[in-house]
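Protein chains: 2
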Amino acid sequence: MTGLTTPAELAAQLRVDAVRCSAAAESGHPTSAMSAADLMAVLLAERLTYDFGDPGNPLNDHLIFSKGHASPLLYAMYKAAGAITDAELLTFRRRGSRLEGHPTPRLPWVDVATGSLGQGLPVGVGVALAGRLERLPYQVWVLCGDGELAEGSIWEAAEHAGHEGLANLTAIVDVNRLGQRGPTRHGWDTGAYARRFGAFGWHAIEIDGHDLGQIGAAFGEALSTPRPVVILARTRKGEGVREVADREGVHGKPLAEPERAVEELGGRRAAEVTPRRRPRPDGRPHRVPAHGTPELHVFDKDEATRTAFGRTLAALGAARADVVVLDGEVADSTKTAEFAAACPERFFECYIAEQQLVAAAMGLQVRGWKPFAATFAAFLTRAHDFIRMAAVSGCDLRLAGSHAGVSIGEDGPSQMGLEDLAMMRAVHGSTVLYPCDANQAAALTAEMADLGGVSYLRTTRAATPVIYGPGERFPVGGSRVLRRSPEDRVTILAAGITVHEALAAADALAADGLMAAVLDLYSVKPVDTAALRAAAAITDALVTVEDHRPEGGLGDAVLDALADLGPRVVKLAVRNLPGSASPAEQLADAGIDRHAIEAAVRALL
Amino acid sequence: MTGLTTPAELAAQLRVDAVRCSAAAESGHPTSAMSAADLMAVLLAERLTYDFGDPGNPLNDHLIFSKGHASPLLYAMYKAAGAITDAELLTFRRRGSRLEGHPTPRLPWVDVATGSLGQGLPVGVGVALAGRLERLPYQVWVLCGDGELAEGSIWEAAEHAGHEGLANLTAIVDVNRLGQRGPTRHGWDTGAYARRFGAFGWHAIEIDGHDLGQIGAAFGEALSTPRPVVILARTRKGEGVREVADREGVHGKPLAEPERAVEELGGRRAAEVTPRRRPRPDGRPHRVPAHGTPELHVFDKDEATRTAFGRTLAALGAARADVVVLDGEVADSTKTAEFAAACPERFFECYIAEQQLVAAAMGLQVRGWKPFAATFAAFLTRAHDFIRMAAVSGCDLRLAGSHAGVSIGEDGPSQMGLEDLAMMRAVHGSTVLYPCDANQAAALTAEMADLGGVSYLRTTRAATPVIYGPGERFPVGGSRVLRRSPEDRVTILAAGITVHEALAAADALAADGLMAAVLDLYSVKPVDTAALRAAAAITDALVTVEDHRPEGGLGDAVLDALADLGPRVVKLAVRNLPGSASPAEQLADAGIDRHAIEAAVRALL
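Going down the list, the sequences are from chains L and Y. One rule links them: number in the numbering used here = place in the first sequence (from 1) + 80. One rule links them: number in the numbering used here = place in the second sequence (from 1) + 80.
Looking at chain L on its own, in the form it has when it is part of the complex (with noise of 0.2 Å):
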């Protein structure tokens, strides 16, 4: 810390600040900041290492608030730093402005959204594997909340980092006893979560809060701990302000008195402290040689669009050097296990603990990396939180989801993802593919290493004919026209594995003089409106078929597109509950086959 302030004052000033703040913005969460100010104020002050200036520079340590309702607390650091002005901090809350009710990337020293509780530490492992990755020296440290310990996410988070002995990581626990509602499950008993944090291979401190050398001594002994840490500190919510110091039923609200509160404080402050910067000699970031550009695998035989997906995978990591993959102890099924093989430095094996497997990929590309996270399409459900997060906090984020569908076949309905489509589609900005046969797979695999967003890959279990021939292109909001004629009638809307019945149904169809036009809509989203609402010119009617459930997915997206042009539409998608079946069985049980599409269409002639 430079300038004349102590950590004390600061304390004060950061109290101060969280609660004209909240006041200005007549809502907020000021009492669970101000039990966190003294950890705040000591870490800012003496153990930070961070350029305000240049949020951008790798040797920056990073600051997460996983309780991002104390951001009142946050921003008031920002205005200490010097990065924000008071003026910019009284905005809190307001219509425009960047100082969010909870801290999103909109602000260039915030790495990813927070709010939803227990995400903050999980990316906050993601974030550390990076800075170990790339040979670093920075330092993670992620203000918790007590309630959020009740998150699972937090157990896997705990599980990954202690398990990889992740000493860059430092989790500060502001133990406040109170929940929104009430009293958390364990109150102020600071052992419960250190045996808990123990357990999982974490070297537990507790201390009191507000002892400001307590807390100091705590950063001292994080940083030179040789695992991950956790800080435990008994606090007061509100602490510092009497009307509402370690009170119940204050729970994000503004102080009802907040003048009286600042004076209670000791008034206004106007410290500001800089703190320290890492010199640039210190490190630059590691990055394994690369050759270029990828060289994609040609296709010529049936195979399963997830094999094309892990072999692509593997070429980026060859080609580029910023290709990460993580997958959730499937890598045989999704396929990754070829990269795995290939590039085992920048593969990561998260077990089964699919949120934990999306947190890691949101904190490995805060720093740049381009990751790919994989499992089946069926246990991203698992990590439907952290995905919508992701959007909000802007993440280029790639998933691949395998075993789509009813095709899996004999394994059952637990196995098939068959909501996929409508999460992803729902999500924010998303991109969704969707790709036929393996050569598409592959093209479509390489695209998304440059995708912005999050984009979603969804691929199947079973081998499927080659339609594709290598080099062909498939741009992110295209389509394909695989049966065009004159005479055409009806046109048959496909994407993934029922292109192939598709195919099959329009050539069954032709063979008694029926035509049909078959479009691939392996652009799912953006889905290729321009291609859609020439089809509804041509011909008068669509049918739609996915395997995935009616709401949604393919069939959504074509109606959607053609909301304003209404044409007839007929939608086929999986409307029973599976069983155990093969995987045609389950098509034509679902009435997604040929033989259903054949019916459809000839229904609507």
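Since the hints were made in silico from the structure, they are not lab data. Possibly wrong hints are sitting among the right ones.
Partner residues are not named here, just some residues of chain Y that face chain L (Cβ under 10 Å, in silico) [claimed, not checked]:
| hint | residue |
| --- | --- |
| 1 | F172 |
| 2 | R175 |
| 3 | S177 |
| 4 | S196 |
| 5 | L229 |
| 6 | H240 |
| 7 | A279 |
| 8 | T305 |
| 9 | H331 |
| 10 | F466 |
| 11 | M469 |
| 12 | A506 |
| 13 | L642 |
| 14 | V650 |
Being a predicted model, the structure only gives us computed values, none of them experimental. A virtual CB, placed ideally from N, CA and C, is assigned to each residue, including glycine.
Fit chain Y to the known structure of chain L by using the hints.
Chain Y in isolation, oriented as in the chain L frame:
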């Protein structure tokens, strides 16, 4: 155990039958069954108290295979207990068979579908909570894999059970050290798991899982320990057959030479065991007294639908003995606090652990309770996979998500449920309800109590005007016409908070002589197709407006219902990434407020 079979003989038979049925199916997970065969043989022969002829008997123990892929073992147990024939055993994984790849409640002895790992133990906690509530003597036995202990949901369950001190719950972990792809994180280090469960308040017993004496002793210790017990059993995957025992690369595959394996296991057996039963006089389910028909509160001024939901829960609780309520530590926001105050015995605080929230509800409904589980709509995404599996399980599960949409205002996107309609509509057989006023919310909440399947009530943070009288009925699948005239040129379709925006827009348009009908589509799924078709027949243009992402919500429900008619539809939905702003500003910024609706209608005409 009756009959002449020893546990060792029984274990051999279970292995043989697991090998045989997987061979017949040409798929399945025999090696994952073989590792746990000794554990299950001793359980079935000596400890499980179960009347297979009367699966609904409240005195039955509960056996949940959290490692659902070990289904060949479960079905072999059913055969040994005489519940299924050998012929049926060999239908494993065939189309139409009850013996699916992963267990589902199509079998009367299965409580919930498993196969998505990390779910059986969380649900088991719910079943154990039900037993305590009912004052029944049954024991809940959950067979877990070691790999699934990486799931955060397991630790949410461990925390819940440990804190509640559930002595009627025993987890048996088959530590066979091999996951699907390769070794688990901790291999055979049962101590690593013992420390973790111990830290969460469980009693842990480490044993050799192939030593029948140790197994029996552990079960005895479990039954006499007054808190939850985990038995950590070191086992070998594929135990009993050299070809596969403790071998990598054989997960999820039938044995290459099943006949030789059966021989190695000592050949086919046909032993039957009859598990002991609890005598009927041991207990009846305890039910609290209740007085019959719920008296719904009459709302006559602006009130939030969440408040009406909470008040109605309290009324239901007073009237009916079977209603239970669970919350994720936001009862003051979801308003379940009113039920908690009225019926504390039947209120379950699940803290910030949404997977466990839903899982506990699933477990409670196994025993016939009518659970309502509530949290913010946004945070229900955490439980997506459980909700999906609840549908596969045929669970009767009532979910409520508060703080839907951008209209929550300043808290920002992390707290906004904007994807929940898409998620819930895609759930098989679900019901999705979205009230716009307090009396409607009360009526729909009361109606949910007797709904089958997974149902969802979406509530709003802000107070909304009362537009319906008390006592009005709102059947599932219905809708309400709020404005209609012979001069209507457009129909506006809304639900929840946008109903009020639609009414204001219609009034403003009417003042200009532009007549628009307004429909309240409170039943988002099933949607009122008849009313929609009637509306489409009267006005050739429709405007949908929803406080939700454009994908998978109300607009898509309308498009789907009218797909074969093809009206022109304009969809207003949340396409931006919101920040902080007031509720009115948020609705305006998202383009779903009265002015946006008015502009959309004018543009159409």
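Now for the hints, and whether the structure bears them out:
no., hint, verdict
1, F172, "8 Å, holds"
2, R175, "4 Å, holds"
3, S177, "6 Å, holds"
4, S196, "5 Å, holds"
5, L229, "8 Å, holds"
6, H240, "9 Å, holds"
7, A279, "4 Å, holds"
8, T305, "19 Å, violated"
9, H331, "8 Å, holds"
10, F466, "9 Å, holds"
11, M469, "6 Å, holds"
12, A506, "4 Å, holds"
13, L642, "8 Å, holds"
14, V650, "7 Å, holds"
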